[in-house]
Amino acid sequence: MTLIATRTAPSPALLPAAGPEPVIETIGLTKRFGPKLALNQLTLAVPRGGIHAVVGSNGAGKSTLFRLLLGVATPSLGQCRVLGVDSGRLDPATRGRIGLVTEEHTLPGWMTVARLAAMQRSLYPSWSEATFREVAGHFHLHSGQKVSQLSRGERAGFTVALALAQGPELLILDEPTLGLDVVAKQAVLESLLFAGRREDRTLLYCSHQMDEIERLADGLIVLERGELVSHSTPESFWGRIGCWVVAGLVPPEVVVEAIPGLLQRRVVDGREQLVVLDPDPDFGRCLERLGVPGATPLPIGFDRAVNAFLTRNHLSPDGAVAAPRSH
Amino acid sequence: MRALIASELIRYRPLAVGVALAHLVVLRLAATLSPLFAPDLAKLGLALLVYAALGLALGLFQLGSARRPGQWTFLIHRPLSPGRIFGALTAAGLLLLAGVVALPLLAMTLWFDLATPQWVDGRHYPLGLYAWGIAAGCYLLGAFVALARSRAAFLAGVLVLFFLTREAPGLSVFVPLLLVLAWLGLLARAAFKPDLGTPLSRPGAVVASALPIGYALFRGCAAAVLVASSLGTSVAEKGIGGFSSFAWNDYFPAGTKDHVDYLDERSALEHGLAAADADPALAERRRHLRAQLPLASVLELPPRGIERWAERHQLMLGDGRHDLYDDETGVRWSFQHAPMLFQGLDGRTGEAVGWLGLAGPVPGPVASVPAGQRFPEVPYTDGERLVFTRNKIWQVDFTRAAVDLRFELPPGETLRTPVAAAETFVVAASDRTLYFFEPRDLKRPGVRVEPSVRVALPAEARHIARTLVAELVDGYLVTFVLGRQSEQDRHRAEQVVVEVGFDGRHEVVARRPLGQGFPAWHRHRGFWLSPFFQTAHDLAWTAIAPRRDARVTLGEMAANPPPSGVLALAGLVALVSAAGTGWAAKRRGLAPRQRLAWTAGALLLGLPGLLAFLALTAKDEALDLPAPEKGRRPLAMPRLAGEQGGRA
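Protein chains in written order, with our numbering: chain E, 1 to 327; chain H, 1001 to 1648.
The hints are simulated quantities; they were obtained by calculation from the structure and are not laboratory data. Model, not experiment: these values are computed from the prediction. Just so you know, even glycine gets a beta-carbon here, dropped at the ideal spot from N, CA and C. Fair warning: there could be bad hints in the mix.
To be verified - Per the computed footprint, the stretches of chain H lying under chain E, defined by three or more beta-carbons under 8 Å from a beta-carbon of chain E, are:
1. 1190 to 1199
2. 1406 to 1419
3. 1559 to 1565
What the hints assert, rightly or not - Part of the chain H face toward chain E, derived, beta carbon under 10 Å:
4. Ala-1003
5. Leu-1004
6. Arg-1078
7. Leu-1114
8. Arg-1332
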């Protein structure tokens, strides 16, 4: 997997010298809204194919990145290319190659399912009726039903069906399962996994549901306060985060800042768990030296690992959760 | 694109059908209350305002709802160019307005034409198109306001005001309408871009938006200067709180035109007679005349009279009456342009009772009226008995079933004030002469009257601001206040008093030059604020209102430039505006070429140029980084060493 991510000044030398052109390529991409810096010097290349998850806490810049990719926002600085085209100059043909599913599942509520599908069919030359029927079939949509009468799950399914039927090379999904029940969420994920996954198709997927990401994603892009902090596979990211459980509680005289790579502290059944980034093989001894004896490693789930990473800055020296920092 | 149009039509279909039906019902009800095709100006204006409001509301709502973040991305992100998407939305909007505004009007016109005795002129049919044009213009304005980044976009509505000028004659009223539609369409299209957060960037779009917005700001600034100057004067004279009781006629010194403007009729006549004169005989004569004034009956003629005459086949946008009402029979006679006759409709039954031409009423079809009995041009009426064209006045006598020519002006003269009556005398004014009539002559039916006295106007009619007539023991005393355009020093202001004998002899007994009550900076406020906009305004007014008497000719504009002090002030304001624009443009991080263009624009446009710049650009494009956060410091971010995606 090609991984390019840096917050330093863009340098063409960092970009892949050979291989297929990335589907998404940003160089020093910066966007500010008034005093707020939403994206800061983002340099990123997403290769063709696979599902790439974008994670980050609220305000990390995910939606801004998507808006920049779709050309509905203009970079304050830097470049952004999608399917080889400057995102500010996306022509209709290129737009036809990019699908979009938003968290609001925004559709014209006054239209019927059949009429809206017919409208989209007339717009997209690569429309696949079979795909549409297959995906829409999971949600039991009736052609005469008005979009405004669809449940949230049905609307989400309809949106995904429309997006997949367009046959996009790049499909951008901005929290498509937000607010869905288990059944609807499952149906959407099934659609994405089985109908959406194609070799030549790239899915850029934003979600706060780490179980979904663990299940779907081939690549993981972590944004934080507008900056790219990681672009890797989920497995490699997960593999770098470990959890250690101590015999009791960390003594109050221990300076927690001195614990290398500490991401999260949590007390479970009277024993304190420490989630750590890039733990040393001798992390147990390291803790002992700091005055925390008896620490043993504990398996950690993907969702907890990512969440511990994303919330690490909320850890105050006394272990309490602090208010998130904003620009 | 057609699918998108269809989608929008489906969206608004129920609402549009409801509004169209309501429109039809209102039109039908209005037709039962008053003649639908001969409305007075207030009703017509109200209807046009409603159409304008409909268009504005649709534009604001349709594009306003489309620009919500989720909706906007769904709308714009499709394999269609933004131009085609915009075209589809506006085509749908304009079609809806056609269905809601034009179609009911057309249906009602057709119904009247085919199913009622009411005559329908060809000129009535384009009215639906005109109403639709007004609604469409406001729709495009609403779209521009909804899409534009700047809240000042609504100021572009000044363009819509051109619709309401009603100055263009006949069908040529569609020319300014189409121009304004094209302009507003261009603005709305320019604002319809994928990233709504960015300002307009194309030079043409920037200029097209800056000009109307700048003009609106120019008018606003001029009004603000006027209000501030007036308030300042009144406060300086009577202190805070004295504005409501401030008497301007006490403030302006005698001998100024503003002073005469505020005087009542009798005082204005006395003011004219108070002119200083070295000739003792003339002074004595004026004293004698002044002594009679307290007992004299005084009449003031309408200040402007008829400035524009209706054109044949023009839309129903004239500002005068074209109908007569016979209160004995209840028949309303409405003038129709195609036959050039009045059509009579019984107000109770709605039945047609015939046609009224120069030879009186003729029952039967229009074809039965001979060509010689038709009016030579579109006449105005006083609503009851009088009918007048440019140089003739007729009186309709319904009892005798006759139309009598009562008075005819000499060739080349045009009527301005058909009839103004005092207790003991009647006057009419043309553009050259003031005519006096004996009331007893007018009371004799069927008789052509001759004026007892003729008084030549002392100046072109368009310069006359007030005309006052007093009847004295042995004649009349007339005063003309000249200088309608004198505020900007384009004409001389003067008060002329003429003594008129019953035998027709008349003589100027006083000429009093009038000064100006306000200082030059107040009177020329438009010029020093923006010489460009003031000159453009004057030129456009002259071009659009070619027959309006109050216009200023190009020669007058060129021959009477503002005083040198005002020119210097205008130069100073332009320089300060340009410097301010350049400074603000640099602060806002504009590219050097844009800075130069805006600075040059402000130098040309003056203060409105600077204000338009501030309204159309914003500071948030500047890339100054935020200051470091104060307070608690978060834990250091772990390094993702060894990872390609790690922090450097």
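Cross-check of the supplied hints:
1. 1190 to 1199: It holds, with 5 qualifying residues against the three required.
2. 1406 to 1419: violated (count 0)
3. 1559 to 1565: Coverage by chain E is violated for the region 1559 to 1565 of chain H (0 residues, Cβ < 8 Å).
4. Ala-1003: holds, 4 Å
5. Leu-1004: holds, 7 Å
6. Arg-1078: Given a least distance of 6 Å, the restraint on Arg-1078 of chain H holds.
7. Leu-1114: violated, 36 Å
8. Arg-1332: violated, 46 Å
Hint check: violations occur at hints 2, 3, 7 and 8; the rest are consistent with the structure.
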